[in-house]
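One line per chain: the protein sequences are A and B, in this order.
For the first sequence, the UniProt record's numbering gives the first residue as 1, with consecutive numbering after it.
For the second sequence, the UniProt record's numbering gives the first residue as 1, with consecutive numbering after it.
Careful: at least some of the hints might be erroneous.
As the list claims (entries may be wrong) - Reference listing, derived: stretches of chain A covered by chain B, where coverage requires no fewer than 3 residues with Cβ under 8 angstroms from a Cβ of chain B: (1) 48-61; (2) 132-141; (3) 185-198.
Think of the hints as simulated: they come from the structure by calculation, not from any bench.
Cβ coordinates follow ideal geometry from the N, Cα and C atoms, glycine included.
Chain by chain, the residues:
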Amino acid sequence: MKVTLFATCLVDMFQSDVGKATVEVLERLGCEIDFPESQVCCGQPAYNSGYVKESKEAMKKMIDTFADAEYVVSPSGSCAYMFHEYQHVFKGDPIWEPKARKLAEKTYELTQFIVDVLKIEDVGARLEGKATYHTSCHMTRLLGVQKAPMILLNHVKGLDFTELPGKEQCCGFGGTFSVKMAQISEQMVDEKVQHVEETEAQYLIGADAGCLMNIGGRINRQGKPIKVMHIAEILNSR
Amino acid sequence: MAMKIGNENFSDRVGKGINNSFMRGAVSGAQDSIGARRLNAVEELGNWEEWRSHGEEIRQHVLENLDYYLEQLSDNIAKRGGHVFFAATPEEANDYIRGVIKKKDAKKVVKSKSMVTEEINLNASLEEIGCEVIETDLGEYILQVDDHDPPSHLVAPALHKNREQVREVFTEKLGYKKSSDPTELAQHAREMLRQDYLTADVGITGCNFAVAETGSFALVTNEGNADLVTSLPQTQITVMGMERLVPTFEELEVLVSMLTRSAVGQKLPSYVTVLTGPREELDVDGPEEFHLVVIDNGRSRILGTEFQSVLQCIRCAACLNACPVYRHVGGHSYGSIYSGPIGAVLSPLLGGYDEYKELPYASTLCGACSEVCPVKIPLHDLLHKHRQVIVEKEGKAPVSEKLLMKAFGLGAASPKLYKWGSKLAPSAMNPFTSDDKISKGPGPLKAWTDIRDFPAPSKERFRDWYKNRDKGGNQS
Ligand code: SF4
Numbered sequence: 001m002k003v004t005l006f007a008t009c010l011v012d013m014f015q016s017d018v019g020k021a022t023v024e025v026l027e028r029l030g031c032e033i034d035f036p037e038s039q040v041c042c043g044q045p046a047y048n049s050g051y052v053k054e055s056k057e058a059m060k061k062m063i064d065t066f067a068d069a070e071y072v073v074s075p076s077g078s079c080a081y082m083f084h085e086y087q088h089v090f091k092g093d094p095i096w097e098p099k100a101r102k103l104a105e106k107t108y109e110l111t112q113f114i115v116d117v118l119k120i121e122d123v124g125a126r127l128e129g130k131a132t133y134h135t136s137c138h139m140t141r142l143l144g145v146q147k148a149p150m151i152l153l154n155h156v157k158g159l160d161f162t163e164l165p166g167k168e169q170c171c172g173f174g175g176t177f178s179v180k181m182a183q184i185s186e187q188m189v190d191e192k193v194q195h196v197e198e199t200e201a202q203y204l205i206g207a208d209a210g211c212l213m214n215i216g217g218r219i220n221r222q223g224k225p226i227k228v229m230h231i232a233e234i235l236n237s238r
Numbered sequence: 001m002a003m004k005i006g007n008e009n010f011s012d013r014v015g016k017g018i019n020n021s022f023m024r025g026a027v028s029g030a031q032d033s034i035g036a037r038r039l040n041a042v043e044e045l046g047n048w049e050e051w052r053s054h055g056e057e058i059r060q061h062v063l064e065n066l067d068y069y070l071e072q073l074s075d076n077i078a079k080r081g082g083h084v085f086f087a088a089t090p091e092e093a094n095d096y097i098r099g100v101i102k103k104k105d106a107k108k109v110v111k112s113k114s115m116v117t118e119e120i121n122l123n124a125s126l127e128e129i130g131c132e133v134i135e136t137d138l139g140e141y142i143l144q145v146d147d148h149d150p151p152s153h154l155v156a157p158a159l160h161k162n163r164e165q166v167r168e169v170f171t172e173k174l175g176y177k178k179s180s181d182p183t184e185l186a187q188h189a190r191e192m193l194r195q196d197y198l199t200a201d202v203g204i205t206g207c208n209f210a211v212a213e214t215g216s217f218a219l220v221t222n223e224g225n226a227d228l229v230t231s232l233p234q235t236q237i238t239v240m241g242m243e244r245l246v247p248t249f250e251e252l253e254v255l256v257s258m259l260t261r262s263a264v265g266q267k268l269p270s271y272v273t274v275l276t277g278p279r280e281e282l283d284v285d286g287p288e289e290f291h292l293v294v295i296d297n298g299r300s301r302i303l304g305t306e307f308q309s310v311l312q313c314i315r316c317a318a319c320l321n322a323c324p325v326y327r328h329v330g331g332h333s334y335g336s337i338y339s340g341p342i343g344a345v346l347s348p349l350l351g352g353y354d355e356y357k358e359l360p361y362a363s364t365l366c367g368a369c370s371e372v373c374p375v376k377i378p379l380h381d382l383l384h385k386h387r388q389v390i391v392e393k394e395g396k397a398p399v400s401e402k403l404l405m406k407a408f409g410l411g412a413a414s415p416k417l418y419k420w421g422s423k424l425a426p427s428a429m430n431p432f433t434s435d436d437k438i439s440k441g442p443g444p445l446k447a448w449t450d451i452r453d454f455p456a457p458s459k460e461r462f463r464d465w466y467k468n469r470d471k472g473g474n475q476s
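Model the full structure from these sequences, guided by the hints.
Shown next, in the form of C-alpha cells:
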C-alpha cells in the first residue's frame, strides 16, 4: 500500500526522530512511503489565530502537494485534523472546496491509519516500563480518534500502562495560546505534569508533537525523570 | 451589577484569579464532581447525542421564528390581563420597571436568581430610587450580603467562595454565630429571608423558559425560592432575554430535563415553578398584577449573523464546568457576568470588542465546551470566528503579530522559503542552544521559555534524513 507522509513542520524541524520512526513502522507493516518535498506547514498556527486569509495560501499548496496521494498519513492528530478542516475553510469555493474534501477523505492520523485501514492491532513492538498516555484534544474530540492509540498500546509487550487522571483536560498548548496566554498555559501544563507524576510513569506517550513539546518542555524545565515519547517511537521499539 | 465587572485589565484579572488558591480549589473541585455527575446523568439516557440534536433543533426553530413566538407569547399574556414591555436597551428596561415600582409605591422587592437582571444592572437602578432589593437565591444572597460581589458562575454564582469565607461574611455582616456547616448557613439565610418574603411589595424573577402557546413561564430552582417570590408579593415582574422561549410544554419538558442534567447532573430539579399571568378567580395564590419585560440589549443584532447559534444557549453552565481555562482563572477573570466559554463568545457580542477583545483568545480551542453543550453550540468555532473578526474586520490585532503572520503566510506557502528557513534554523538558534534545548529564547519564544524548555531544531531535518538514507540498506 502506498502511503504519502505528511510529516508536519514540527516533526520536520524539531522532532525528526518521530518522522523516522513513523517511516520505519509503516514500512515494517508493508507500506511504501512517499514524502513529497514541497510540503510546508498546514497553516494551523495562523489559521487558529484568526489569520484565515494568510493561511489559505499554505492550505492550497498542501492540497496540491497531496493531490495524487492514495493515503495521506500524519504522525499528528492535530495536523491531520487541519487537513479535515480545509473543506470548511474553502466552503463555497467551486475549485478548492471539492479538492479539499478529497484530501480530507484520504487523510489519516498514524494510529487511526494502522488500526482502521491496515486493520492491524499488534505491530510487534516491545518496550519495558511504566507508561501513561496523553489524549490530545484535537485528535480525540475534533478528529474523533479515541480508540486506535489505546488498541495499539495495549499490544506493546512489556508496557505497564496506567490511565492518566484528568486525561480529558487540555495540556495548555493551543498553538499561539501557549505564548499569548502564557500565564494560563503555565497553570494548565503544571496540572498536566502533576497528573503524569501521580501515575509514576517512566514514559509519557502522546500522538501530537505540539502537546508533547509543551508537556515535555515543562517536564524538562522541572528536571523530572519522565521520558516523553511520541507513539510512533513506542510502536517502533523492539 | 452591569455585565462588565471590575476595572482591571485582562492580564491583572487573570493574575489575581490564578493567585486565588481558595477559588481555584473550589472551582476545580466543583468541576470534577459536577462533571462526573453530568456524565452519569446524560449517559443514563442511552442516546444523549439524539437528545442534543433534538435540543439544538428546538432552539434553532425558535430563533428562526422568534418574531412569531414572541408575538404569540405577548398576546397570550395580554389575554390574561398581564402587561408586556419590549426593551431595546437596559435603560429602557430599568425605566419601565422603576415606573411600576413607583406606581405601586413599593419599598421592598424580593428577587429570584436572574442573570439578565444582572446584565441590565437592575438592582442598582432600583436602589437608586430608594427601593430595597433582596436576592433570595442562596448564592446570590451571599454575594449581595458581601457588598455586591459579582457572580462568577452562571448556575452557582458564589462558586468562588468556600464555606469558611461564607461564614466570615455572615458573621461580619449579619451577626451570624454558628459554624461553617452549609446546612446551618443556609438555615440562617432562610430565617433572614422569611420576613422579607412576607413584607415585599414586588417579586422579580428571571425566566428559564417562556412557553409561547400558553403565555407561561418556567423557573427552575433547587431551593424553591422562586415559588415564594412568585406567590407572596402582590405584583410580579418577570424579566427575560428575548430568546428564552419554547413553542409549547412539550419542548419545555425536553429542555428542562436537558438543563438540569447538564447543569448539575440531576434528572429533575427540585422545583420547576410554572406560572401563567396574574391570579385568576379560582387561583389560591399568585400576584394580582403581572409584567413581562423582554430584553433585547444587542440580541437582535446577533440574529442572522454567523454568531446566531450563541442564542441557542440555555445557560446550563456545562461549558464552564468543562473548561480548562475557567478551571484555573475562575469567573471574575472574564470581566463579565457571563464567564467561561459561553461568556467568551457572548460578552464581545453584547459588550463590544473594545471591552472584551482578549476573551476569544483565552482558549486553546480544545473543544471541551462544544462537546458538552446540550444544544450543540459550536463554542470553539465561534471563538475562532471572533478571532477572525478581530484580525480581519476590526483590525485590533497587535502590529507585531500581524507582521509575523504575514511572514508566516509567505513562508508557509512557499516550499522554497520554508526549506531555506528551516535549514537555517539550527544555526540561527545556536547562540540560544545548550544540551539540545533552548532555555532562554529570543522574541516570541521568550514567553515559551519563561515556562518551559524549547527543543533545539534537529541537527538533521527529517526531510534531509529521508532524502539521504539508503533505501535498500540499513534503515535509520
Ligand atoms: S453554551 Fe451550551 S453548555 Fe454553555 S451554558 Fe449555554 S447551553 Fe450550557
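Okay, the hints, checked on the actual structure:
With 12 residues having a beta carbon nearer than 8 angstroms to a beta carbon of chain B, the region 48-61 of chain A meets the requirement of three or more and the stated coverage holds. With 3 residues having a beta carbon nearer than 8 angstroms to a beta carbon of chain B, the region 132-141 of chain A meets the requirement of three or more and the stated coverage holds. Counting residues of the region 185-198 of chain A whose beta carbon lies closer than 8 angstroms to any beta carbon of chain B gives 6, which meets the minimum of three for the stated coverage.
Consistency note: the structure conflicts with none of the earlier hints.
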